[in-house]
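Undergrad: Chain by chain, the residues run as shown.
Number of protein chains: 2
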Amino acid sequence: MTAVTTYLCVEGAADALDFYRRAFGAEELYRLTMDNGAIGHAEMRIGETTLMISDEWPEGGVVSPLRQEGSSTSLALTVDSVDALDALWGQALAAGASVEREIEDQFYGHRTGTVVDPFGHRWSIAAVVEEVSPEEMQRRMAGMGP
Amino acid sequence: MTAVTTYLCVEGAADALDFYRRAFGAEELYRLTMDNGAIGHAEMRIGETTLMISDEWPEGGVVSPLRQEGSSTSLALTVDSVDALDALWGQALAAGASVEREIEDQFYGHRTGTVVDPFGHRWSIAAVVEEVSPEEMQRRMAGMGP
Numbered sequence: 058m059t060a061v062t063t064y065l066c067v068e069g070a071a072d073a074l075d076f077y078r079r080a081f082g083a084e085e086l087y088r089l090t091m092d093n094g095a096i097g098h099a100e101m102r103i104g105e106t107t108l109m110i111s112d113e114w115p116e117g118g119v120v121s122p123l124r125q126e127g128s129s130t131s132l133a134l135t136v137d138s139v140d141a142l143d144a145l146w147g148q149a150l151a152a153g154a155s156v157e158r159e160i161e162d163q164f165y166g167h168r169t170g171t172v173v174d175p176f177g178h179r180w181s182i183a184a185v186v187e188e189v190s191p192e193e194m195q196r197r198m199a200g201m202g203p
Numbered sequence: 058m059t060a061v062t063t064y065l066c067v068e069g070a071a072d073a074l075d076f077y078r079r080a081f082g083a084e085e086l087y088r089l090t091m092d093n094g095a096i097g098h099a100e101m102r103i104g105e106t107t108l109m110i111s112d113e114w115p116e117g118g119v120v121s122p123l124r125q126e127g128s129s130t131s132l133a134l135t136v137d138s139v140d141a142l143d144a145l146w147g148q149a150l151a152a153g154a155s156v157e158r159e160i161e162d163q164f165y166g167h168r169t170g171t172v173v174d175p176f177g178h179r180w181s182i183a184a185v186v187e188e189v190s191p192e193e194m195q196r197r198m199a200g201m202g203p
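Protein chains in written order, with this note's numbering: chain A, 58 to 203; chain B, 58 to 203.
Bound conformation, chain A alone:
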């Protein structure tokens, strides 16, 4: 078995590819355009990860998160330093992402914040600031809600 690749549906995939380039430095690998102009499939690379993206296909149950209540999937973007985190955070907001949770240090050793992109997908952006073992994370969680 090789790999799991995540497929994002958006309304307006051409705009989304542009946004992900400006916000996260995504490199578009290729796009396939349908006769009606919609993007049937595209691939982009963010850091070392390939993501797939397409326009909506509501008849097939493939819809933009803007049509949905809540998020059942999110993306975690891990960068290699706090400086890189601050830079990427600023770049994402400048590109049009909305803050959902401001950057702060978390008990599991990440400095991280969360944004929602204009297409409805939710991204946490994180840098590891402390190596914390699962056992220590579990200990620190005791007494935390809910």
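Don't read these hints as lab results, they were simulated from the structure. For every residue, glycine included, the Cβ atom is placed at its ideal position computed from N, Cα and C. Take the hints with a grain of salt, since some may be wrong.
[As the list claims (entries may be wrong)] Covered by chain B, according to a simulated footprint, are these stretches of chain A (three or more residues, beta-carbon under 8 Å):
1) 106 to 118
2) 126 to 132
3) 135 to 147
4) 192 to 200
Mind docking chain B on chain A? Use the hints.
TA: Okay, now just chain B, sitting in the frame of chain A:
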């Protein structure tokens, strides 16, 4: 920048970790359990990809896909042969996944089918059977719907 990791929310994360192990051979890396028994965070490895998983947190907008209409994100599981595809497909169905689209050869050079898992996430399972360039894919798409 390092990597993008996908975070899946499910209702019943302990059962889901068991399902993903039986269906896709996922190896649980660790889990963090909240005081109320819910899994606040877990990580699992499928092939070379790490995925994160948690129980729902509806107050934070993190919900199971079973609460949502349609899929705005799906997962593509790529294996290295048609035999591996058939084996994994059988294993996923035996574990309780539901067929959404039967396996067939697609114009872009993949042999692939799609299942929905019992927790509402959608997975395509694919093997590359023909190397097709983006230009050739685009040519083959002409005249295809919608």
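Undergrad: Against this structure, judge whether each hint is valid.
TA: Hints, verified against the model:
Counting residues of the stretch 106 to 118 of chain A whose CB lies closer than 8 Å to any CB of chain B gives 7, so the stated coverage by that chain holds, three being the minimum. Counting residues of the stretch 126 to 132 of chain A whose C-beta sits closer than 8 Å to any C-beta of chain B gives 7, which meets the bar of three, so the coverage hint holds. Given as covered by chain B, the stretch 135 to 147 of chain A passes the check, having 5 residues with a CB less than 8 Å from a CB of that chain where 3 are the minimum. Under the rule that three or more residues need a Cβ within less than 8 Å of chain B, the assignment of the stretch 192 to 200 of chain A holds, with 5 such residues.
Checked against the numbered hints listed earlier, the structure breaks none of them; every hint is satisfied.
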